[in-house]
Amino acid sequence: MFKLVKRLTSVVAMFAVLFTFTTETMAAKKSKTLKNTQKKGFVRCGVSQGLPGFSNADAAGNWTGVDVDVCRAVAAAVLGDSSKVKFTPLSAKERFTALTSNEIDILSRNTTWTLSRDADIGLTFVGVNFYDGQGFMVRKNSGISSVNDFKAGVSACTNLGTTTELNMRDFFNSKGIKYEPVTFEKADEVVAAYDAGRCDTYTTDKSGLAAQRIKLSNPDDHMVLPETISKEPLGPVVRQGDSVWEDIVRWSLNTMIEAEEYGVTSANADMMKTSDNPAVKRLVGAEGELGAALGLDNEWSLRIIKQVGNYGESYKRNIADTGILPDRGPNELWTKGGILYVPPAR
Amino acid sequence: MENRGITFGYGFLSQESSFDVQFSLIEYDGSHSYFRAYLVGLLNTILVSVIGIIFATIIGVVVGIARLSSNYLIERTAAIYVEFFRNIPLLLQIFFWYFAALRALPLPEKAEPMFGVFFLTIKGFFIPAFIWNNLDIFIYSVIAAIIAIFFVRAYAKKKQENQGTQTPVLLISIGLLIILPLLSFLLGGVDASIEIPVIEQLSKTSFTFKGGLKLPPELISLALALSLYTATFIAECVRAGVQGVSKGQKEAAASIGLTPNQVLKLVVMPQALRIIIPPTTNQYLNLTKNSSLAAAIAYPDLVLVFAGTALMQTGRAIEIVSITMLTYLTLSITISIFMNWYNKKIAIKEK
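Sequence lines, in order, name chains A and B. Heads up: the first sequence begins at 3 in the numbering used here, then just goes up one per residue. Heads up: the second sequence begins at 3 in the numbering used here, then just goes up one per residue.
Careful, some of the hints might be misleading.
To be verified - List time: in silico DSS-like cross-link candidates among lysine-lysine, alpha-carbon distance up to 27 Å: (1) K86/A to K37/A; (2) K153/A to K160/B; (3) K212/B to K142/A; (4) K206/B to K177/A.
What the hints assert, rightly or not - Covered stretches of chain B, as calculated for chain A (at least 3 residues, CB under 8 Å): (5) 18-26; (6) 37-43; (7) 103-110; (8) 130-139; (9) 232-243.
Honestly, the hints are just simulated from the structure, not real lab data. Positions of the beta carbon are idealized from the N, C-alpha and C atoms, including for glycine.
Given these sequences and hints, build the entire structure.
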């Protein structure tokens with residue numbers, strides 16, 4: 003009898019081992035990107051050429067920002083170390099080609115999620131890490147206090163190859179205003195041209211305006227108009243066709259947001275393993291087998307929270323404390339009046 | 003490509019482009035097709051190349067001849083100009099002229115008018131424009147004048163070969179170019195009025211000009227940078243060409259009684275041109291290709307409009323880059339065929 007039980011347990015254990023082994027390898031096998039990343043030992047991440055708060059490198063070459071943190075979270079989940087990321091700065095024009103041609107594996111570069119981008123050019127958007135909208139910056143002494151004050155002949159500086167260019171046309175057309183679009187490839191040149199007086203207004207995502215305003219010669223002479231003329235949900239993008247990798251990036255981002263929702267921070271994550279709330283325990287890997295489904299171990303989410311922090315910490319560190327946008331606006335949790343709402347990790 | 007979910011096809015060219023361009027030679031806005039956006043970019047590329055080639059040639063010839071001057075000051079100035087401008091990367095020069103122009107030029111409300119009607123401002127060079135009636139008839143008259151000039155020249159050449167007498171071709175040509183268009187005004191119902199740019203207030207502190215013709219500062223600084231840069235190379239071609247004609251030729255020409263003007267026109271230049279043309283063709287090609295640096299300073303050329311915005315909005319990288327490459331190839335080959343034809347025309351005709 004005893005022997006039988008022993009035998010049975012060993013068979014069960016064998017099956018369990020075999021089962022976890024197969025699910026793991028199946029996920030890993032299905033995902034070429036995951037396998038390559040683990041082989042290389044770093045995550046290849048495409049970021050902007052310098053947008054404070056989102057992805058910006060300091061003098062020593064250290065990248066910070068909320069977009070950067072998404073890649074760091076993936077590195078923590080996949081490789082166990084959030085610093086194992088290779089960042090590639092890309093212009094708006096280069097970004098999608100870099101992703102589809104396999105130069106990078108995640109594009110986390112304040113990129114607007116639209117239908118045509120998602121469906122047409124071999125890309126998949128995995129979520130939204132910043133809800134933004136397009137706005138206008140003008141000189142304070144111009145007397146313009148609303149977008150309704152623009153008159154025909156107004157010249158607007160912006161970045162080329164962005165949704166901004168399209169929104170700007172829709173907006174001015176709806177007002178029946180003839181305008182002059184001046185489009186540059188690099189944000190720094192847009193700032194320089196606007197600063198010199200080439201344009202009457204500078205238009206891009208409001209977070210971008212807030213960040214770039216700091217670079218102007220007299221930031222206090224300029225202001226962002228209150229109106230928002232478009233929806234700009236910004237989020238990380240992956241190549242189409244690798245659903246496991248897509249899931250890993252999506253749930254790395256979701257983990258950060260859900261961690262904030264349940265009050266799990268980088269400081270208290272370890273203690274949360276003994277929490278009474280099963281949702282929290284699942285989140286830190288103390289319950290359930292969520293990692294296996296992604297081809298990862300069960301500590302993946304705990305590592306994200308410990309090494310990168312939750313979404314609120316990332317926002318505070320990169321956007322609020324740097325004075326770019328102290329008010330979280332729509333990027334507050336749904337429980338606190340914002341629209342950050344992610345599916346449950348279970 | 004299929005593996006990566008990329009579709010291939012040129013069908014997007016007929017779709018609505020839905021983006022605007024700041025400066026265009028043909029009527030265009032976002033409701034037109036991507037193909038029309040392509041034409042806008044192509045025409046802007048051709049415009050800046052043609053302007054660049056004309057000015058580069060003029061400056062190049064003047065500087066090239068100045069380098070041969072016996073006047074030390076003129077010769078040194080020309081040499082310094084050549085060495086300075088050809089040894090700085092073109093992209094830096096473009097940035098320099100653009101941002102220098104933006105810093106130096108006045109805001110529209112502070113612009114001093116030149117001759118009362120030209121306004122050079124940070125937002126562009128505003129010049130009076132002609133408002134035409136029956137413009138097509140005027141253009142036909144100019145074309146007719148040009149064709150007539152060709153006939154006159156052919157006749158004059160024949161006459162000189164047969165009878166040895168010279169005809170004042172230049173005077174007749176200028177006369178034709180004035181009289182025929184003038185006739186179109188008097189008889190053809192052509193009418194032109196001049197529209198002068200007027201300052202307009204956009205907000206409390208911001209102004210612009212309305213009416214007239216506007217050359218954007220991007221076009222001016224790009225054309226300036228391209229011409230100044232390429233002119234240095236052309237100057238060297240010209241110097242080499244003139245120095246390549248042996249002194250004896252000039253002396254021999256003078257000894258048979260030709261005036262200095264005739265020596266230059268009939269003896270030195272025809273021989274020098276044979277040396278000048280081939281390397282100058284290279285420079286024209288370079289200038290055309292270099293104009294693609296326009297994207298850096300927001301001049302809406304082919305690369306910015308088509309390989310930039312249109313590529314971004316459609317995501318059709320392979321299609322658009324292939325079209326753009328093919329276009330530059332065609333442009334270059336066209337220039338090169340024309341220059342080869344011209345080179346052949348002035349080459350020594352062995353009989």
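Each hint tested on the structure:
no.: 1; hint: K86/A to K37/A; in the structure: holds (15 Å)
no.: 2; hint: K153/A to K160/B; in the structure: violated (63 Å)
no.: 3; hint: K212/B to K142/A; in the structure: holds (24 Å)
no.: 4; hint: K206/B to K177/A; in the structure: holds (20 Å)
no.: 5; hint: 18-26; in the structure: holds (count 5)
no.: 6; hint: 37-43; in the structure: violated (count 0)
no.: 7; hint: 103-110; in the structure: holds (count 3)
no.: 8; hint: 130-139; in the structure: violated (count 0)
no.: 9; hint: 232-243; in the structure: violated (count 0)
Going down the numbered hints, you'll see the structure goes against 2, 6, 8 and 9, while the others check out.
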